[in-house]
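Quick note, the sequences are listed as chains A and B, same order.
In terms of the working numbering, the first sequence is residues 1 to 145.
In terms of the working numbering, the second sequence is residues 1001 to 1145.
Short derived list, chain A residues pointing at chain B, Cβ under 7 Å:
#	residue
1	Glu22
2	Gln23
3	Arg32
4	Leu61
In short, the hints are calculated from the structure, not lab data.
Here a beta-carbon is modelled for each residue, glycine too, at the ideal position from N, C-alpha and C.
Protein chains: 2
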Amino acid sequence: MQIERIQFQMHGDSRGALIALEQERNVPFKIRRVYYLFGTKGGVHRGQHAHRHLSQLAVTLRGSVTFLLDDGSGPVHVVLDDPAQGLLLQRMVWHEMYDFSEDCVLMVLADHLYDPADYITDYDEFLREIDGGLRVEGMAACPGR
Amino acid sequence: MQIERIQFQMHGDSRGALIALEQERNVPFKIRRVYYLFGTKGGVHRGQHAHRHLSQLAVTLRGSVTFLLDDGSGPVHVVLDDPAQGLLLQRMVWHEMYDFSEDCVLMVLADHLYDPADYITDYDEFLREIDGGLRVEGMAACPGR
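Kindly produce the complete structure, drawing on both the sequences and the hints.
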């Protein structure tokens, strides 16, 4: 699968750093929700779901974490350890986070408010919905049906 | 002046913590911009301005920082050191940040995109605009003028 990273401009000088994320500018959606994870213990896996509709952008503001991403074609592992780099989490991508550093602060911007109905937490169900989606798209692209 | 803090619910367990900020729910405005400061050197003062229109919400995701807030009635100092607590920065409040801890990650949510014309960076000008605002309000409240 294609990994989409966004590089942010670092504003700052010897006094310190500032990075600004703006909706529909360097963030490719409207920001409606911001959440952050911290104090995550070693050995913990978080995430382990996909979203039917939600788009998200993840940034490690401090420390590092590894993402497992899977659009149905198999897992890809991505290390996120740069406050100036965002990782786009598109809809219908299974994702897990692991190998949190002790000091990791992971911030995620999302384009919708929390909706439990948008979560797919079972991997087999995720694969079924991808297959279903592809079949529907295939039919829609076939004239006369 | 009145200090407005917002306490956030901490979602999490022994595996780690998660806090979610949602626009027009526990954030009292639409989130259009998110910025973060990190790597700030000791002894540095940042901010040192007021906004004519912008509303903001500041949260220290890690470490601590002290805010100086002044609505024209004199400075108030507020220590921010809790990822579950937001400090509301209303329009027309002069603010400075100082005493950043070495590990401080300060995140700020804002209700508008960056607009240099919205900044007042001169304290005397800030006081003049507050006085002007009060006088205009006073005139507007006076019928027949």
